[in-house]
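> Next come the chains, spelled out residue by residue.
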Amino acid sequence: MLRLEKRPQPSRVFAYLTPVLAVIITMIAGGMLFAALGKNPVEAIRTIFWDPLFGEFAFYYRPQLLVKGGPLILIAIGLSLGFRAGIWNIGAEGQYIVGALCGAAVALAFYPLEAWYIFPLMILAGALGGMLWAMVPALLKVKFGTNEILVSLMLVYVAENLLAAMALGRMKNPEGHGFPGSRNLKDYPSAFNDEIITGSGMHWGVLTAFLAVIFAYVLLNRHMLGFSIRLTGEAPRAARFSGVNPTRIILFCLGISGLMAGLAGMFEVSGPSGQVSIDFNVGYGFTAIIVAFLGRLHPVGILLAGLLMALTYIGGEIAQGNLGLPSAAIQLFQGMLLFFLLAVDLLTNYRIRFVRREAA
Amino acid sequence: MDLSSITPALLLASLMVAATPILLAGIGELVVERAGVLNLGVEGMMITGAICGFAVTIETGSPLMGFVAAAAGGAGLALLFGALTQVALANQVASGLALTLFGLGLSSLLGQDYVGLKPVQTPAFKIPLLSDIPFLGRVLFSHDLMVYFGLGLVAAVWALLKYSRAGLILRAVGENHDAAHALGYKVVRIRILAIMFGGACAGLGGAYISLIRVPQWTEGMTSGAGWIALALVVFASWKPGRVLLGAWLFGGVTVLQLNLQAAGLAIPVEYLSMSPYLITILVLVIMSADKSRAPASLGRIFHASG
Numbered sequence: 001m002l003r004l005e006k007r008p009q010p011s012r013v014f015a016y017l018t019p020v021l022a023v024i025i026t027m028i029a030g031g032m033l034f035a036a037l038g039k040n041p042v043e044a045i046r047t048i049f050w051d052p053l054f055g056e057f058a059f060y061y062r063p064q065l066l067v068k069g070g071p072l073i074l075i076a077i078g079l080s081l082g083f084r085a086g087i088w089n090i091g092a093e094g095q096y097i098v099g100a101l102c103g104a105a106v107a108l109a110f111y112p113l114e115a116w117y118i119f120p121l122m123i124l125a126g127a128l129g130g131m132l133w134a135m136v137p138a139l140l141k142v143k144f145g146t147n148e149i150l151v152s153l154m155l156v157y158v159a160e161n162l163l164a165a166m167a168l169g170r171m172k173n174p175e176g177h178g179f180p181g182s183r184n185l186k187d188y189p190s191a192f193n194d195e196i197i198t199g200s201g202m203h204w205g206v207l208t209a210f211l212a213v214i215f216a217y218v219l220l221n222r223h224m225l226g227f228s229i230r231l232t233g234e235a236p237r238a239a240r241f242s243g244v245n246p247t248r249i250i251l252f253c254l255g256i257s258g259l260m261a262g263l264a265g266m267f268e269v270s271g272p273s274g275q276v277s278i279d280f281n282v283g284y285g286f287t288a289i290i291v292a293f294l295g296r297l298h299p300v301g302i303l304l305a306g307l308l309m310a311l312t313y314i315g316g317e318i319a320q321g322n323l324g325l326p327s328a329a330i331q332l333f334q335g336m337l338l339f340f341l342l343a344v345d346l347l348t349n350y351r352i353r354f355v356r357r358e359a360a
Numbered sequence: 001m002d003l004s005s006i007t008p009a010l011l012l013a014s015l016m017v018a019a020t021p022i023l024l025a026g027i028g029e030l031v032v033e034r035a036g037v038l039n040l041g042v043e044g045m046m047i048t049g050a051i052c053g054f055a056v057t058i059e060t061g062s063p064l065m066g067f068v069a070a071a072a073g074g075a076g077l078a079l080l081f082g083a084l085t086q087v088a089l090a091n092q093v094a095s096g097l098a099l100t101l102f103g104l105g106l107s108s109l110l111g112q113d114y115v116g117l118k119p120v121q122t123p124a125f126k127i128p129l130l131s132d133i134p135f136l137g138r139v140l141f142s143h144d145l146m147v148y149f150g151l152g153l154v155a156a157v158w159a160l161l162k163y164s165r166a167g168l169i170l171r172a173v174g175e176n177h178d179a180a181h182a183l184g185y186k187v188v189r190i191r192i193l194a195i196m197f198g199g200a201c202a203g204l205g206g207a208y209i210s211l212i213r214v215p216q217w218t219e220g221m222t223s224g225a226g227w228i229a230l231a232l233v234v235f236a237s238w239k240p241g242r243v244l245l246g247a248w249l250f251g252g253v254t255v256l257q258l259n260l261q262a263a264g265l266a267i268p269v270e271y272l273s274m275s276p277y278l279i280t281i282l283v284l285v286i287m288s289a290d291k292s293r294a295p296a297s298l299g300r301i302f303h304a305s306g
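Protein sequence lines, in the order shown, are assigned to chains D and W. Counted from 1, the first sequence has number 255 at position 255 by the UniProt record's numbering; the numbering is strictly sequential. Counted from 1, the second sequence has number 277 at position 277 by the UniProt record's numbering; the numbering is strictly sequential.
One or more of the hints may lead you astray.
Cut-off 27 Å, straight-line C-alpha distance, at most; resulting in silico cross-link-like pairs (DSS-like, lysine-lysine) [stated by the list, open to error]: (1) D:Lys186 - D:Lys172; (2) W:Lys162 - W:Lys186; (3) W:Lys186 - W:Lys239; (4) D:Lys143 - W:Lys162; (5) D:Lys6 - W:Lys162; (6) W:Lys118 - W:Lys239.
A short, non-exhaustive set of chain D residues, derived as facing chain W with CB atoms under 7 Å [said to hold, decoys possible]: (7) Val151; (8) Leu153; (9) Met154; (10) Tyr157; (11) Asn161; (12) Gly201; (13) Met202; (14) Gly324; (15) Pro326; (16) Gln331; (17) Gly335; (18) Phe339; (19) Leu346; (20) Leu347.
Hint data in this document are derived by calculation from the structure and do not stem from the laboratory. Just so it is clear, CB atoms sit at the ideal spot from N, CA and C, and this is done for glycine as well.
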């Protein structure tokens with residue numbers, strides 16, 4: 001009979017090993033899924049994980065890794081801070097949308113003026129927009145003890161409706177021949193979030209994501225606030241006795257995660273996406289939750305996990321084109337990854353022992 | 001704007017219909033939470049139930065089989081959650097989110113061949129005599145069977161929790177799992193059963209949307225109903241009777257805003273569509289002042305040592 005025995009301390013070996021293990025199990029289970037859909041599993045897995053990096057057209061796909069990974073990493077870093085403290089912001093998708101709307105609003109307000117200060121103003125607006133959207137669940141939690149999970153999630157649907165209202169209404173391109181969606185910011189140099197090095201995929205959002213990784217690392221390991229965040233999550237009672245102010249932690253964690261999600265949205269709408277349209281958001285806010293967990297809520301882990309998840313997006317698109325793999329299969333694949341990760345995480349905190357059943 | 005097109009009887013009747021999905025999912029989640037488990041995967045289980053029910057109804061031509069399949073699909077997905085949280089002792093919040101993401105992916109994969117099809121219509125069941133009462137007959141007694149099933153389920157859950165031994169054990173597990181364990185109750189087994197019940201209910205709720213309310217399959221068609229059901233449980237302070245009240249409130253808001261959209265109110269449709277979510281937040285704020293009703297072991301991991 002199997003029995004679980006709690007480890008006195010979480011295993012460090014397994015803490016590093018479980019994400020890798022989860023990815024391997026997901027590949028196997030995913031292969032079985034693809035086989036069930038009538039595709040060659042080995043070819044499908046190779047198309048998703050190998051071709052974007054080393055295949056024939058890798059020169060085209062490699063920059064995409066940064067384009068898709070950037071927002072995921074940026075959002076996930078913000079979320080991970082809250083998750084560490086047991087504060088569950090799962091409405092990053094909404095904050096992402098509002099950040100994008102605020103950023104785009106600034107750009108569209110200045111159009112067609114060309115000036116150096118427009119892009120910085122957009123960044124500011126995006127960050128503020130995302131932060132304010134996240135402040136709603138934060139303030140409600142602080143003031144009334146309202147559940148932040150439900151409020152932040154409800155606000156995603158509100159934001160999606162707001163996006164639709166903007167794309168079809170106030171932000172609609174007046175020269176767009178009646179098509180929904182705003183002016184394309186790619187044709188507006190002062191607002192365009194261009195690649196810093198041409199052909200690298202590295203735009204300002206990706207740079208911000210890397211800076212966020214460093215910021216989070218320093219915060220968690222070298223700063224009192226980071227220590228308080230970790231303490232709140234791991235030992236809430238101890239945190240209270242040692243004088244950690246829970247209100248401050250809640251406001252900070254939700255605020256910073258909203259800010260980063262808002263930034264990610266703003267960089268996306270002014271760069272790769274280019275315009276505010278009904279469906280410019282592709283669920284990065286939700287996928288970032290998987291990224292945060294896959295990276296074990298550690299900044300460096302999230303960096304790697306974000307790139308891996310970006311790989312599945314790109315590989316998924318290739319597999320969709322070449323093998324006719326449905327796009328939903330990739331979504332399912334990403335969901336499975338989180339499942340297996342949570343399951344094998346057991347090995348970090350518990351030891352599995354084989355014992356004979358004793359007489360009661 | 002033409003408000004005269006809104007007739008009260010029709011409005012109240014469609015309120016009952018709009019309330020049913022969240023009522024079913026909400027009452028299921030209530031049982032789960034009373035057993036001390038927080039399953040945030042309601043949305044995922046609903047959408048899975050929606051597609052399972054829809055696909056089976058299309059294939060077999062029988063809505064009844066569809067609803068059975070929906071319950072089975074929801075319960076199956078819930079079992080995954082049960083295995084994760086009760087056996088593998090994973091974090092319940094993270095596992096619930098995983099369930100939702102997984103369910104959304106699974107449903108759109110299963111549903112890609114069913115877009116644009118129309119299911120067999122589920123017949124309305126007019127209760128003889130009662131449905132002839134003016135006004136009330138139309139509002140209360142001329143619905144499909146699932147509406148009555150939902151109401152019956154609420155009553156059954158209420159009676160079971162309040163008066164039966166099984167209900168007492170379930171509550172004991174939810175309030176203090178260590179004490180329940182010491183008394184010899186199988187905490188994990190009871191919780192897994194509760195989780196599966198919750199999944200089956202969520203599945204039924206989802207199928208109600210895809211088979212009766214809409215009736216059609218589109219990706220992500222539950223659009224947050226699962227989350228509203230979760231909020232409903234908080235709103236109800238974990239009491240079955242108040243789940244019903246809450247479901248009618250949310251159903252009422254949904255129907256009212258749809259009617260206002262149809263009547264051509266001078267507000268863009270998108271702003272009206274926001275209203276159910278905003279009302280949910282508002283209600284959560286009002287209700288969250290009183291936390292004392294929550295089951296004491298809610299969301300805590302149970303591991304029998306020794």
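> If a hint holds in the structure, say so; if it does not, say that too.
How the hints compare with the structure:
1. D:Lys186 - D:Lys172: 16 Å, holds
2. W:Lys162 - W:Lys186: 20 Å, holds
3. W:Lys186 - W:Lys239: 24 Å, holds
4. D:Lys143 - W:Lys162: 34 Å, violated
5. D:Lys6 - W:Lys162: Violated, because 36 Å separates the two Cα atoms, which is more than 27 Å.
6. W:Lys118 - W:Lys239: Not satisfied, since the Cα-Cα distance of roughly 37 Å exceeds 27 Å.
7. Val151: This interface hint holds because 5 Å falls under the 7 Å limit.
8. Leu153: Check passed: Cβ of D:Leu153 comes within 5 Å of chain W, closer than 7 Å.
9. Met154: 4 Å, holds
10. Tyr157: Interface hint status for D:Tyr157: holds (5 Å vs cutoff 7 Å).
11. Asn161: With Cβ-Cβ at 4 Å, under 7 Å, it holds.
12. Gly201: Because about 26 Å separates D:Gly201 from the closest Cβ in chain W, which is outside the 7 Å limit, the hint is violated.
13. Met202: 29 Å, violated
14. Gly324: 11 Å, violated
15. Pro326: 6 Å, holds
16. Gln331: 4 Å, holds
17. Gly335: Cβ of D:Gly335 sits 3 Å from chain W, so the hint holds.
18. Phe339: Result: holds, 5 Å to nearest chain W Cβ.
19. Leu346: 5 Å, holds
20. Leu347: 9 Å, violated
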